[in-house]
Amino acid sequence: MAPIVLLIPLLALAGAGPPGGKPATTAWGVCADCHEQVAAPFARSTHGRLKSWEVRGGEVGCAACHGDPTQHLDTGDVEGLVRFTGDPAGDSAACLTCHASRGAEEWSAAAHAHQLACTECHSIHTVKAPTSTCASCHQEVQALMLLPSHHPVKEGKMTCASCHNVHRANPGALRTEGRLNDLCFTCHQAQEGPFIFQHAPVEEDCTICHTPHGSVADNLLVANDPVICLQCHSFHFHMGKKPVDTAGTVIVGGKPYPNVLGKYGYSMSFGTKCTQCHTKVHGSDLPSQGITSQGRNLTR
Amino acid sequence: MRRVIHVSLVLALLAGPALAQTTGTVTVGGRAVDDHGKAERAAEYLPTTSGSELQLVLEAAFDKLFIAVSSDAREGHDQVHQLAVDINRLVRSHTSFTRLPHRLVHDPLLNLRGAVKMPVVTWSTDLDPTARYRVNYDLLDHRTDLQIPSAGWLTVSAVYREQWREGHRQALALSHCSTCHVLSQTRKVDERTRDAGVVAQVRGKAWKLEGSFISREFEERAPAPTRTYELAEQPALRQPLFNDRIWYDSRNGPLPYGVIPPSEKDTATLRISNPNLAGFSLALSAASTRLENLTTNNKVDFDALALAVGRRLGKKGTFALRARSYSIDSTDYFVDVPEPKAVAGPYAGKSYYERYGFQPDFLRQSAIDRDVLEASARLSYRLGKGSSLIGEYTFQNIDRANYEVAPDKTDTLLQRVKLALTARPVKGVNLRLEGVAADIRRPFMTQNTACQPGPLQTTPVGSPILPGSTQYFEIYASRIGDMTASPSSYVELKGSAGLTLGRSTTASLSLRRWDGDNTDQDLTQWSHTTTAATAQVAWAPAETFQAFVAASAGKRELESWVCVPLMDG
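Protein chains in written order, with the working numbering: chain Z, 1486 to 1785; chain W, 9 to 577.
Okay, chain W solo, but in the shape it has when bound:
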């Protein structure tokens, strides 16, 4: 629980003769905070120390220069600052800086305390059990527009965005075989992201052409944590029987984990538009993105073409159409899995492949590769002042290159219909009703991911001592259940009513229900229902005084069959 008491004093800056067009306010305040020691739950992004607060809003207008500054600072890691500069309309820039704390949960891992009779145990070690984790997030965002009177049709802009995440978080690493042992330690976070680019806009009498190029660099500067994995031993016998099935262990020394690779991402866009081409508004755009993991040189290419068209139909009707086609193509990656040989047991000197015939090497082809075509068409009709009726149809077809969502099927087809009514039956009353129904043929699904059909083997699993036992890859391959967290159909109903009471009070009530299920699964079923209601009253008797009360109730029901394999190896 978190309680905050704010006390503020607002000082209006008086205009002085030297800066006749300067206005602003300074707000000085303080807060008292009590988070009951659970700051990461009660105040994920807020300061948890009592202290002073300062807000400043200042605008200064000179003959050829306008400057606007605003600051909101609560403590060192909770700030928002903005600076806008306008130099005679030739140069217009906006810069903002945001800093916030992000408190992170520290998992004590106390559930990892188990034993089975072989005996084998699970356990955990926390090297920094009292640590409180937090990352400070900083964002600098800047844009400068340049425009000159002799070429008012051209605007050139420079954009720059830099993001830092600095702090510490929990880093977990699992070592298994001899035991299942999770090690927790503190890792430093020092992520940097830089976006820099240019935007050019050319405006003709009717046509406008806009192009942009943004280049992004991302890197984690802090070193990855390391772990010396434990010796690969058969857990019950404590003998080196598992060397043929473990990629690395203590003999490899300390190894990094949780590595975050640096990357580069370049995005180019081009848009041509005309607000009135034979009665139609038209915007045609293209976007192209190149993403590269700079460690592995894995690449993802994204290319899109989009069209947006609008047209009025008589005095009260409108029509809008939007369509987009895009493709994603990424690098395939051959994973060459090492083949160590067993050093003990009946298969000493043989690799896992040599003994079981299982080829671990594979070509990784990404699930992201796809061709997508999507479109939506909308008709709206104005019933009167503040009242309109809207109908919309949306279509999306995803054809994946490497990922099947049903046997021998890689495509998903979504069709969605929406009907919305906005009404203002009497002055001061607003009503909104919206219904959406969707059908998704072959939604995203994980094939053969659960449910073995029955006992595969009565003998213990995976021990070289019992050569005929079922191996893990055979257990994986025997699964027959398709599962998903995506609906094959859903209905969403939303309604809200707003009421204006006098000049200073408003009240509103909103309701939402989302009901979806998936009947495409073969063995299991999935359904999800959400019902939520929100009521609120706002009272603003003066510009500087506002009171707001809201209550919200929600209920979610998720039904998803779970497979629990019973195995006592």
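One chain only, chain Z, in its complex shape:
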């Protein structure tokens, strides 16, 4: 609970002296006379609370983005104001005045730059849900998230922004300074190791086996086990052994064992689900049992 402890002394600063700079309210107060519906939520927004010392040029409030309102106040004419019309370059230029050094440093090289104006995703005066913002263009991704296996996005426990930062120039706009795998390991550390006994595709790229936006197969797999495994491996050679044809009980070492599946029993044992035995497909520090496989079979 360290963050809560951290907050306590910070809350004590609430009564500290004036930080300097004019409060935002003086700048937009005059606009609120006519634009009350916009001004009320804006006053509580981050932009509405900005102090002039935070902003280069010191301009805060409506005029910081919309420009000098003098002509508009005199004549009602909107031509002199900066208006946000959905032009990617024009709208973004106004935003980047501040945000080029506040989180959008790589925006000009990012995938969405020049296609989208900031205002197509961000609602400056109110708040838009990030998921619905992305889904308005990426319907196919939204559809994948409705498949049986998915990350908890539609349940409201993650958003697209949990993994993506569209303001960065990273491949896939991934929210990581490392590789895609590093992003996955942000939440799935148990699979990171690094292990002694490794599985090469895990080291290569998580998306060889997993499809992160949604899957019909379990555990966000590209295909269910054993199909996913058989793209790189042959079937277990024990599958070819001659089975006991009849269902019933088999006595081995004086002990009875059920062979309820008859002649299909052995092939079903070795051909249904590889991970029933090879449980540690992401790697392990412990050897499998066989010396002949050098302990590398990822069963322990």
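Hints should not be assumed to be uniformly reliable.
Quick list of in silico lysine to aspartate or glutamate cross-link-like pairs, EDC-like style, CA-CA up to 16 Å [as the list claims (entries may be wrong)]: (1) Lys-1740/Z / Glu-238/W; (2) Lys-307/W / Asp-1667/Z; (3) Lys-324/W / Glu-1564/Z; (4) Lys-46/W / Asp-149/W; (5) Lys-358/W / Glu-347/W; (6) Lys-307/W / Asp-340/W; (7) Lys-349/W / Glu-362/W; (8) Lys-196/W / Glu-227/W; (9) Lys-563/W / Glu-1625/Z; (10) Lys-1758/Z / Asp-1690/Z; (11) Lys-125/W / Asp-1770/Z; (12) Lys-46/W / Asp-1703/Z; (13) Lys-307/W / Asp-1770/Z; (14) Lys-196/W / Glu-238/W; (15) Lys-307/W / Asp-337/W; (16) Lys-216/W / Glu-1539/Z; (17) Lys-1639/Z / Glu-362/W; (18) Lys-1758/Z / Asp-115/W; (19) Lys-323/W / Asp-1730/Z; (20) Lys-435/W / Asp-1572/Z; (21) Lys-426/W / Glu-362/W; (22) Lys-417/W / Asp-379/W; (23) Lys-393/W / Asp-1572/Z; (24) Lys-502/W / Glu-1625/Z.
I should point out that these hints are in silico values taken from the structure, not numbers from a laboratory.
Using the hints provided, position chain W relative to the given structure of chain Z.
Only chain W this time, still in chain Z's reference frame:
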């Protein structure tokens, strides 16, 4: 199947004289749920009990203090809470807490019921057959920014993230030789991850410098499950003929399995940027990560340099370039495999190595070690309002240190071209078309992983009773087929159309086709095609009322040749 009925009552909080700038809403509701006993399938992350629901959104603005609170709680393990505090812009903090259940499948292992005529059997034992597995996931995320008026150019931030996974899951362990016996038991899960760090940002007139250091600790606090492996006996004869080829068995007593090692990961980043340097936007960054397995002291080092450049070309064109070079270097690990001696049979007193000449010891060199250079260049041209044309070329070269993807070749070269058109032909209609074509020379491949060329041996395999029989390591070494789940080329086509109908209704249709294959394999072929279509209509006649209908159809075809070794040892 899961059915949920929600009933909600929204109460608007009225502003009172004492808190003139306080606003908020409280939503009280309830739900009735029926999951037909398959909660892990129908509601992987959702509550499956009927009950009350509460949503709260509250903002309070004082002279020098702003607090925003939001809560969404359905049951004890399904909650999202957020707290934002702004103290006169000097201190700005955001804290969120998310809790969700994650239901896990319980495999009954009923397919593990087989027998062959030697006789040898496969079987399973579930020590907790009625258990329903679930892990509760909690995430606390916090960031506090500090900035003072006399040094507005400097922002120092503290970040903290803590993640818990608590619950129980199925733990399987295989013991083989005397039989193939999979044991299932319940294991406790108690994983903790802590990220703590600082971020400092220095903003000059044009340049910005940002540095961060984040330290992560991960541990699984719950003990690993244990298993007493079965006695290493030749299965048909029930004689101790296999002692020379088994690393451990019942004589070693209970042994842990499924161990999750604790680890530490430190990440440092540094970025310098300028939004307008002679007409170019420029961001140069470096990242360095050190990961260590605290049990084995295995380490992985990651070091990267990246460059992002953007520039406008005239009034309508833009150019962007991104490049990154990184290297990964990890610890080699010498695996010293024990060499027990056979206690019975014709080779009693000899180790497996002494009899067959197979040296099981090896130096593990990781497949992760590599040098990578990647770059992309993008040109875009604005055709008109809401319309643009974009072309992009991407290049990536991976040179692995220890892993071959083709005979004597460790490198993969990817080249990808993308063309995208966004258009708004008439008001209320949006169109997006995108095509991607990629060529991957020597994609990730598993060499000699399948397909023996023919009968190796007519005698039974692996029995010390028949000394001339083929051993497992010889079977592995005889495989000649290269296989993969990665394409050597693919084409992806995407299209979507959006239509705005009046002020409250929107409709959209999207189509996607991905078609890839791999022709680099020597004996087998691989291809994968996905076709998907989604249509949706949204109706939002009022701010508090929205209706949404969507239909999606998808088809996937995977063609991958499978090798089935026939062996009747």
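Quick rundown of the hints versus the structure:
1. Lys-1740/Z / Glu-238/W: Holds, at roughly 14 Å.
2. Lys-307/W / Asp-1667/Z: holds (15 Å)
3. Lys-324/W / Glu-1564/Z: violated (22 Å)
4. Lys-46/W / Asp-149/W: violated (32 Å)
5. Lys-358/W / Glu-347/W: At roughly 9 Å apart (the allowed maximum being 16 Å), Glu-347/W and Lys-358/W satisfy the hint.
6. Lys-307/W / Asp-340/W: With a Cα-Cα distance of about 9 Å, the restraint between Lys-307/W and Asp-340/W holds, given a limit of 16 Å.
7. Lys-349/W / Glu-362/W: Holds: Lys-349/W and Glu-362/W sit about 9 Å apart, inside 16 Å.
8. Lys-196/W / Glu-227/W: holds (13 Å)
9. Lys-563/W / Glu-1625/Z: holds (13 Å)
10. Lys-1758/Z / Asp-1690/Z: Judged against 16 Å, a Cα distance of about 22 Å means the pair is violated.
11. Lys-125/W / Asp-1770/Z: Violated, at about 35 Å.
12. Lys-46/W / Asp-1703/Z: OK: Lys-46/W and Asp-1703/Z at ~14 Å, within 16 Å.
13. Lys-307/W / Asp-1770/Z: It holds: about 13 Å lies between the C-alpha atoms, which stays within 16 Å.
14. Lys-196/W / Glu-238/W: With a Cα-Cα distance of about 24 Å, the restraint between Lys-196/W and Glu-238/W is violated, given a limit of 16 Å.
15. Lys-307/W / Asp-337/W: Roughly 8 Å separates the two Cα atoms, so the pair holds.
16. Lys-216/W / Glu-1539/Z: Distance ~15 Å between Lys-216/W and Glu-1539/Z Cα, so the pair holds.
17. Lys-1639/Z / Glu-362/W: Violated, at about 60 Å.
18. Lys-1758/Z / Asp-115/W: The given pair, whose Cα atoms are some 10 Å apart, holds under the 16 Å limit.
19. Lys-323/W / Asp-1730/Z: violated (78 Å)
20. Lys-435/W / Asp-1572/Z: holds (15 Å)
21. Lys-426/W / Glu-362/W: violated (58 Å)
22. Lys-417/W / Asp-379/W: Holds, because 14 Å separates the two Cα atoms, which is no more than 16 Å.
23. Lys-393/W / Asp-1572/Z: Given pair Lys-393/W, Asp-1572/Z holds - Cα atoms ~7 Å apart, limit 16 Å.
24. Lys-502/W / Glu-1625/Z: holds (9 Å)
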